[in-house]
Amino acid sequence: MAMKKLKNARRSPWAAVAAIAAGLIITGSGYAAATASTPAEAGSAYTADQVDAGHKLFLSNCASCHGKNAEGTANAPSLIGVGAASVLFQVETGRMPGQASGPQLQVKPVQFKQADIDSLAAWVSSLAPGPAAPSAEYLATKGNASRGGEIFRINCAMCHNAVGAGGALTGGKYAPPLTHTSAAHIYEAMITGPQNMPVFSNSNLSLKDKTDVITYLQEVQTNPSIGGYDLGNLGPVVEGLFAWIFMLGGLVLITMWLGAKSN
Amino acid sequence: MTTANNTAKKGGFLAGTANYLDERVGVAGILKTFGRKVFPDHWSFMLGEVALYSFLVLLLSGTFLTFFFQPAMTPVVYDGIYGPLKGAHMSVAYASTIDISFEVRGGLLMRQVHHWAALLFVASAGLHMLRVFFTGAFRKPREINWVVGFALFVLGMGGGFTGYSLPDDLLSGNGLRIIDGMLKGVPVIGSWISSLLFGGEFPGENIVARLYSLHIMLIPALILVFIAIHLFMVVIHKHTHYSGAGKRDDNVVGYPLAPVYVAKAGGFFFIVFGVIMLVAATFTINPVWNYGGYDPSPVSAGTQPDWYIGWLDGALRLTPSHLEFEAGGYTYSMNVLLPMIVGVLFLVVVALYPFIEAWVTGDKREHHVLDRPRNAPTRTAIGAAGVVFYAVLWAGAATDLIATNFKMSLNQVLTTLQISLIVLPVLAYIITKRLALSLQRKDREIVLHGRESGRIVRLPHGEFIEVHEEIDEYTRYKLVDFVNYEPIMARPNARGKITIRGRIRASMSSWFFEDRVTPVTPAELEASHKQGKELH
Chain A
5 MAMKKLKNAR RSPWAAVAAI AAGLIITGSG YAAATASTPA EAGSAYTADQ
55 VDAGHKLFLS NCASCHGKNA EGTANAPSLI GVGAASVLFQ VETGRMPGQA
105 SGPQLQVKPV QFKQADIDSL AAWVSSLAPG PAAPSAEYLA TKGNASRGGE
155 IFRINCAMCH NAVGAGGALT GGKYAPPLTH TSAAHIYEAM ITGPQNMPVF
205 SNSNLSLKDK TDVITYLQEV QTNPSIGGYD LGNLGPVVEG LFAWIFMLGG
255 LVLITMWLGA KSN
Chain B
63 MTTANNTAKK GGFLAGTANY LDERVGVAGI LKTFGRKVFP DHWSFMLGEV
113 ALYSFLVLLL SGTFLTFFFQ PAMTPVVYDG IYGPLKGAHM SVAYASTIDI
163 SFEVRGGLLM RQVHHWAALL FVASAGLHML RVFFTGAFRK PREINWVVGF
213 ALFVLGMGGG FTGYSLPDDL LSGNGLRIID GMLKGVPVIG SWISSLLFGG
263 EFPGENIVAR LYSLHIMLIP ALILVFIAIH LFMVVIHKHT HYSGAGKRDD
313 NVVGYPLAPV YVAKAGGFFF IVFGVIMLVA ATFTINPVWN YGGYDPSPVS
363 AGTQPDWYIG WLDGALRLTP SHLEFEAGGY TYSMNVLLPM IVGVLFLVVV
413 ALYPFIEAWV TGDKREHHVL DRPRNAPTRT AIGAAGVVFY AVLWAGAATD
463 LIATNFKMSL NQVLTTLQIS LIVLPVLAYI ITKRLALSLQ RKDREIVLHG
513 RESGRIVRLP HGEFIEVHEE IDEYTRYKLV DFVNYEPIMA RPNARGKITI
563 RGRIRASMSS WFFEDRVTPV TPAELEASHK QGKELH
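If you're matching them up, the sequences are chains A and B in order. For the first sequence, our numbering gives the first residue as 5, with consecutive numbering after it. For the second sequence, our numbering gives the first residue as 63, with consecutive numbering after it.
Incorrect hints may have been included.
The list that follows gives simulated cross-link-like pairs (lysine to any residue, SDA-like), each with its CA atoms no further than 20 Å apart [what the hints assert, rightly or not]:
| no. | chain 1 | residue 1 | chain 2 | residue 2 |
| --- | --- | --- | --- | --- |
| 1 | B | LYS148 | A | ARG151 |
| 2 | B | LYS300 | B | PRO282 |
| 3 | B | LYS246 | B | TYR392 |
| 4 | B | LYS326 | A | GLU75 |
| 5 | A | LYS177 | B | THR477 |
| 6 | B | LYS495 | B | PHE544 |
| 7 | B | LYS99 | B | TYR317 |
| 8 | B | LYS148 | A | SER229 |
In short, the hints are calculated from the structure, not lab data. Keep in mind that this is a model prediction, so the values were computed, not measured.
Build out the structure end to end from the sequences listed, making use of the hints.
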């Protein structure tokens, strides 16, 4: 009898719903547990004073778009769970606070003192766990530049160009040049995926991969151009313009001089 | 024996050598005819020389590079002195390019000399072609030489592209991938052509060696042969000259080749060489070590071809996507085929233009005096439209750079260029034609009534007039020396029928010459002078 009841229960239309719900709960919580383990070092790095100061700064500078509790509005996304890395990247590069709405936030002079930026990061990271600021060992540029170059070309060059000179995206958006980006900002961009950039989580690009990419980009930045002035590293279009305007243009001036009638 | 000794001693070493050569190969005769070739003086006649000299620089630097370059795609692990690539997997071709850049003494300079010279070679050849076009220097008897020059330009593009692809870096590999895609876009036989070229599926292991053979043997050999024909025909036809007093279709006014032009041209060679060396030593070009070895998976943003292939890349970028259709079991990718067809058509029109114009004008005379562009308004307008069409395609290859550097939307840049490609050539045609006609009218006015002197005179009866100064005969000659073509009427042939050919020709002729300003005739000039005298 009991067997029959069980059999009937299995056939009932609610059984499928229950099974799907159970599956979702198991995979979802499992996934959450797995992803939450990466930014484990978050939270403890900031003091309670910093969190309070950050909250005040947030209310006076950011809340008008992001909402009083950072829950997000129609104009700006929620900041709950974006972590300190996201705040540091956006505010330290001058992208935040945003100046005007447009296809993309522009880099501009930094608007806050470093201590205030840290306070903002402290408050935002206190809301929910999220990617933390990178620890120094990943920024030491002690990785393998050659391997980093290969990873960069496969994962990043389609938008940022093979030498990090930047490139165009659709509708006025663009991948910015990486010629002056600091190691910490490169790391933070990879882990948080600002604006149009995808997130490169640690399961996608391991910490070693990230260190190698950072090492490669720092090497490109610090190495002087070997063959002379690099014309912005923008490739053949600029070289062609240079050949037409300066080489051929210069030679045309010389032919005019040679062809001029001597007085 | 004694006489031979005496002549040698009398003139010293130089005369002795000259005598020696003359007795054996008849140098005196060659020098006499060749050295007396007259060459007119004008800066625009030296543009072809720039191309010739940059080709010499290409030969010299290219030979140096062949000593060290290894055209093989065998995979190796890099173990050279360039840190950021240490341990990277790459092909022998790429590794040897890196070695040329960093380990061969003078190698990087030679690579940069070779590449800059290549850009200059095609650019100066292009500018030279424009000069020839806009001055009508392609008219009889020089039509064939125009085609030879055109072939040189296309060979230059071919030489450039094969060279661009040799280092087997990411940039050149991306370029080859586009060629592969275009070949595969050819209906029915596309995939076969592609596997024939690449020796299997792209990229394979053969393409660099194959392009190398083309790049260092076939293409330069053809360029040399065509240069020889080109220059030989210049000698046969004699050089053209700009109109002016005493310059006619049956003479050439200028200085003899020896000694004036030998010295000038020799000096100019070193100037061109010097400019290339200066640029190559101070500006980097194609820093291949930055791009990494070719790997079919990554495609870098901002990937572009060298400038002379840019217009074809632009055509690809500007063509709207989703233009493909299927018929008979084959896919026709018009988004690849259309730019190829447009590109080939454009080149065919350029190559055949002299014959088209000759047929339209029906002019069988020889022309050695060049046209001023304004005196051939329709041709100049067609040329301007062609230049604008090419330039828009060319800009199309830089849509992404235009968007990022001028802070614009990539999509809007693309749409703007798509519209411009159709609209701007038409505008350029209309504006240029009207400008040329207006300039001709101004010339006519100047010949008939002289230059405005700015001197205002009050006549006894109170009228104010501006005194016009008559121009001198030399200037006048220049202003009236052009052919007055008239539209050809379609006439019935021997059987009394007006052929379709005749109709087309008549309509083309009226398109060319319906709007025209005729040169001032002596009678008109006479009448104008008489009238002027009566007035004053």
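Hint-by-hint comparison with the structure:
| no. | hint | result |
| --- | --- | --- |
| 1 | B:LYS148 to A:ARG151 | holds, 9 Å |
| 2 | B:LYS300 to B:PRO282 | violated, 26 Å |
| 3 | B:LYS246 to B:TYR392 | holds, 12 Å |
| 4 | B:LYS326 to A:GLU75 | violated, 77 Å |
| 5 | A:LYS177 to B:THR477 | holds, 16 Å |
| 6 | B:LYS495 to B:PHE544 | holds, 17 Å |
| 7 | B:LYS99 to B:TYR317 | holds, 8 Å |
| 8 | B:LYS148 to A:SER229 | holds, 18 Å |
The structure fails to meet hints 2, 4 from the earlier list, while all remaining hints are met.
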